[in-house]
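Visitor: Spelled out, the chains give:
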Amino acid sequence: EAQVTQNPRYLITVTGKKLTVTCSQNMNHEYMSWYRQDPGLGLRQIYYSMNVEVTDKGDVPEGYKVSRKEKRNFPLILESPSPNQTSLYFCASSRRQAFTVDYEQYFGPGTRLTVT
Amino acid sequence: GEDVEQSLFLSVREGDSSVINCTYTDSSSTYLYWYKQEPGAGLQLLTYIFSNMDMKQDQRLTVLLNKKDKHLSLRIADTQTGDSAIYFCAEKGDSSYKLIFGSGTRLLVRP
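For the record, the sequence lines run as chains A and B.
Under the numbering used here, the first sequence has 8 at position 8, and the numbering climbs by one with no breaks.
Under the numbering used here, the second sequence has 101 at position 101, and the numbering climbs by one with no breaks.
Isolated chain A (complex conformation):
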């Protein structure tokens, strides 16, 4: 089954304790992306990657890091989480086409993070 998986699905942590949210896709997609969802703001892009070892900032990258060492995985790293990073996080993937990405993006189930 084609899917995007995220782990963990729920996480409660304390300020300053480094954490990683994993994202994996089994569709051989070149493009992967992280979004955060906050009430009244919809989803906003944090980082994206067009291929292995190619990453770039989205609209709200502050406080986050990513890496793309393998095509299937795109972990989101919070080196020193703060309460304003409490949010619902979604990973997405898509095929790359020429200089852009395919119109259809596949989303993971989401990770609900609470930072106290």
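The reader is advised that the hints may include incorrect statements.
What the hints assert, rightly or not - Only pairs whose alpha carbons sit at most 25 Å apart, straight line, appear in this in silico SDA-like list of lysine to any residue:
1. B:Lys68 x B:Ser95
2. A:Lys69 x B:Tyr97
3. A:Lys57 x B:Ser103
4. A:Lys57 x B:Ser28
5. A:Lys69 x A:Glu30
6. B:Lys36 x A:Gly58
7. B:Lys70 x A:Gly40
8. B:Lys56 x A:Val60
9. B:Lys36 x A:Asn7
10. A:Lys57 x B:Tyr97
11. A:Lys65 x B:Gly42
12. B:Lys36 x A:Val60
13. A:Lys71 x B:Gln44
14. B:Lys36 x A:Asp59
15. A:Lys69 x B:Ser96
16. B:Lys67 x B:Tyr97
17. B:Lys70 x A:Glu104
18. B:Lys36 x A:Lys65
19. A:Lys71 x B:Gly42
20. A:Lys65 x B:Ser96
21. B:Lys67 x A:Leu41
22. B:Lys36 x A:Lys69
23. B:Lys70 x B:Gln44
24. A:Lys71 x B:Tyr97
25. B:Lys36 x A:Tyr103
26. B:Lys68 x A:Tyr103
27. A:Lys57 x B:Gly42
28. B:Lys67 x A:Glu104
29. A:Lys57 x B:Lys67
Don't read these hints as lab results, they were simulated from the structure.
Put chain B on the given structure of chain A with help from the hints.
Guide: Same frame as chain A, but now just chain B:
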């Protein structure tokens, strides 16, 4: 910059039609989407429409696109309690990597 706006809340009675509206600002939007998010769940792509189309119908769902006014709507016929969810409008330009989402419309279906 790019912006997508939706009303925050809609309440309808079971069996009625629901119409969720969305406006966007980017005239280069090529793809427009409707996603559904049920409580505690991820995002489900409901339907999408290309900018060269005016209407798309898929079973109970009808999407209308008015490019001149940059207005997109989703009509759900015979709304059921299982349709209660948050509905997100999103757009993507042809050369863009990301989806631009609206803030979501919470649909409540009353029995």
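Visitor: Each of the hints needs a verdict: does it hold here or not?
Guide: Here is how each hint holds up against the structure:
no. : hint               : verdict
1   : B:Lys68 x B:Ser95  : holds (21 Å)
2   : A:Lys69 x B:Tyr97  : holds (20 Å)
3   : A:Lys57 x B:Ser103 : holds (21 Å)
4   : A:Lys57 x B:Ser28  : holds (22 Å)
5   : A:Lys69 x A:Glu30  : holds (12 Å)
6   : B:Lys36 x A:Gly58  : holds (23 Å)
7   : B:Lys70 x A:Gly40  : holds (21 Å)
8   : B:Lys56 x A:Val60  : violated (33 Å)
9   : B:Lys36 x A:Asn7   : holds (21 Å)
10  : A:Lys57 x B:Tyr97  : holds (11 Å)
11  : A:Lys65 x B:Gly42  : holds (23 Å)
12  : B:Lys36 x A:Val60  : holds (23 Å)
13  : A:Lys71 x B:Gln44  : holds (23 Å)
14  : B:Lys36 x A:Asp59  : holds (23 Å)
15  : A:Lys69 x B:Ser96  : holds (23 Å)
16  : B:Lys67 x B:Tyr97  : holds (21 Å)
17  : B:Lys70 x A:Glu104 : holds (21 Å)
18  : B:Lys36 x A:Lys65  : violated (28 Å)
19  : A:Lys71 x B:Gly42  : holds (22 Å)
20  : A:Lys65 x B:Ser96  : holds (22 Å)
21  : B:Lys67 x A:Leu41  : holds (24 Å)
22  : B:Lys36 x A:Lys69  : violated (32 Å)
23  : B:Lys70 x B:Gln44  : holds (23 Å)
24  : A:Lys71 x B:Tyr97  : holds (17 Å)
25  : B:Lys36 x A:Tyr103 : holds (17 Å)
26  : B:Lys68 x A:Tyr103 : holds (22 Å)
27  : A:Lys57 x B:Gly42  : holds (23 Å)
28  : B:Lys67 x A:Glu104 : holds (21 Å)
29  : A:Lys57 x B:Lys67  : violated (30 Å)
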